[in-house]
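**Q** Converting from the sequence shown to the numbering used here requires adding 124 to each position, the first position being numbered 1.
FYI, nobody ran anything at the bench for these hints, they're computed from the structure.
Heads up, some of the hints might be wrong.
[Claimed, not checked] Below, a list of computed lysine-lysine pairs in the BS3-like style, where the Cα atoms sit at most 30 Å apart:
{"no.": "1", "residue 1": "Lys323", "residue 2": "Lys141"}
{"no.": "2", "residue 1": "Lys336", "residue 2": "Lys132"}
{"no.": "3", "residue 1": "Lys336", "residue 2": "Lys165"}
{"no.": "4", "residue 1": "Lys336", "residue 2": "Lys323"}
{"no.": "5", "residue 1": "Lys132", "residue 2": "Lys144"}
{"no.": "6", "residue 1": "Lys165", "residue 2": "Lys132"}
{"no.": "7", "residue 1": "Lys151", "residue 2": "Lys165"}
{"no.": "8", "residue 1": "Lys165", "residue 2": "Lys144"}
{"no.": "9", "residue 1": "Lys323", "residue 2": "Lys165"}
{"no.": "10", "residue 1": "Lys323", "residue 2": "Lys132"}
{"no.": "11", "residue 1": "Lys141", "residue 2": "Lys151"}
{"no.": "12", "residue 1": "Lys144", "residue 2": "Lys323"}
{"no.": "13", "residue 1": "Lys151", "residue 2": "Lys323"}
{"no.": "14", "residue 1": "Lys323", "residue 2": "Lys142"}
{"no.": "15", "residue 1": "Lys142", "residue 2": "Lys165"}
{"no.": "16", "residue 1": "Lys151", "residue 2": "Lys336"}
{"no.": "17", "residue 1": "Lys141", "residue 2": "Lys165"}
{"no.": "18", "residue 1": "Lys151", "residue 2": "Lys132"}
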Amino acid sequence: MWYGYVGKVARINLSTKKVKIEELDRKLADEYIGSVGIAGKVLLDEVPSWAGGFDPANLLIYTTGPVTGTITQTAGRHSIVTKSPLTGCFGDSSAGGYFGVELKRAGYDMVIFSGRSERPTLVTIVDGTVNFMDASAYWGMDTRESDRAICRDLGDRRIRVSCIGPAGENLVRFASIMHDEAGRAAGRCGVGAVMGFKKLKALAVRGDGDIKVADPEALSEVMREVLENYRT
Numbered sequence: 125m126w127y128g129y130v131g132k133v134a135r136i137n138l139s140t141k142k143v144k145i146e147e148l149d150r151k152l153a154d155e156y157i158g159s160v161g162i163a164g165k166v167l168l169d170e171v172p173s174w175a176g177g178f179d180p181a182n183l184l185i186y187t188t189g190p191v192t193g194t195i196t197q198t199a200g201r202h203s204i205v206t207k208s209p210l211t212g213c214f215g216d217s218s219a220g221g222y223f224g225v226e227l228k229r230a231g232y233d234m235v236i237f238s239g240r241s242e243r244p245t246l247v248t249i250v251d252g253t254v255n256f257m258d259a260s261a262y263w264g265m266d267t268r269e270s271d272r273a274i275c276r277d278l279g280d281r282r283i284r285v286s287c288i289g290p291a292g293e294n295l296v297r298f299a300s301i302m303h304d305e306a307g308r309a310a311g312r313c314g315v316g317a318v319m320g321f322k323k324l325k326a327l328a329v330r331g332d333g334d335i336k337v338a339d340p341e342a343l344s345e346v347m348r349e350v351l352e353n354y355r356t
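All chains, full assembly: derive it from the sequences and hints.
**A** Okay, here's the thing in structure tokens:
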């Protein structure tokens, strides 16, 4: 049994619209401790050195860590990792809010986007099931408009949306990816421009899965000690 991790990775090819579900590599998780560590290793191993930020061979990786969604302080964050179109090097950007927790509850520690869609695309993940939808109606909207429109059209107020606006769509090299009705930004390294290049307008996630820890009582005690240290 996995603790902290869900134990699943979704590989989504935007060119072919094919999805491959894999087990998270336990050795990799132990060595790189989730999130940016694992995603960085995947990027290093799988993206050719000649590929730039705006290349179908580049990956866009949504990733969480082993404490994401637990009672640990600041555990609501997730990271987005790619080869930056701004620097031409490794790029990672993190955001807080609810999205990272919901991604894990939807069934995945990491989602790896490869390829490039021919038209604007919305990807939804609900309780482990991945679907593709045409996002042409949202293309051109800003991120707050997009978030609200996607939630409305899906008929799901609980779903969490990660999306780009006109900056990402037009490949501005410092474009952000926004979450929680534009309240939370993954604002470093031009990750939004890579999302725009891939014609991925948004990723929307929702799930009811549990995030298990090995010893909940011990974790609670540690967190009580941390809070007490804050007070003193």
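**Q** For each hint, tell me whether it holds in the structure or not.
**A** Verification of the hints:
no. : hint             : in the structure
1   : Lys323 to Lys141 : 12 Å, holds
2   : Lys336 to Lys132 : 14 Å, holds
3   : Lys336 to Lys165 : 25 Å, holds
4   : Lys336 to Lys323 : 35 Å, violated
5   : Lys132 to Lys144 : 10 Å, holds
6   : Lys165 to Lys132 : 16 Å, holds
7   : Lys151 to Lys165 : 12 Å, holds
8   : Lys165 to Lys144 : 19 Å, holds
9   : Lys323 to Lys165 : 25 Å, holds
10  : Lys323 to Lys132 : 25 Å, holds
11  : Lys141 to Lys151 : 29 Å, holds
12  : Lys144 to Lys323 : 20 Å, holds
13  : Lys151 to Lys323 : 33 Å, violated
14  : Lys323 to Lys142 : 16 Å, holds
15  : Lys142 to Lys165 : 23 Å, holds
16  : Lys151 to Lys336 : 19 Å, holds
17  : Lys141 to Lys165 : 24 Å, holds
18  : Lys151 to Lys132 : 14 Å, holds
In this structure, the earlier hints numbered 4 and 13 are contradicted, and the remaining ones agree with it.
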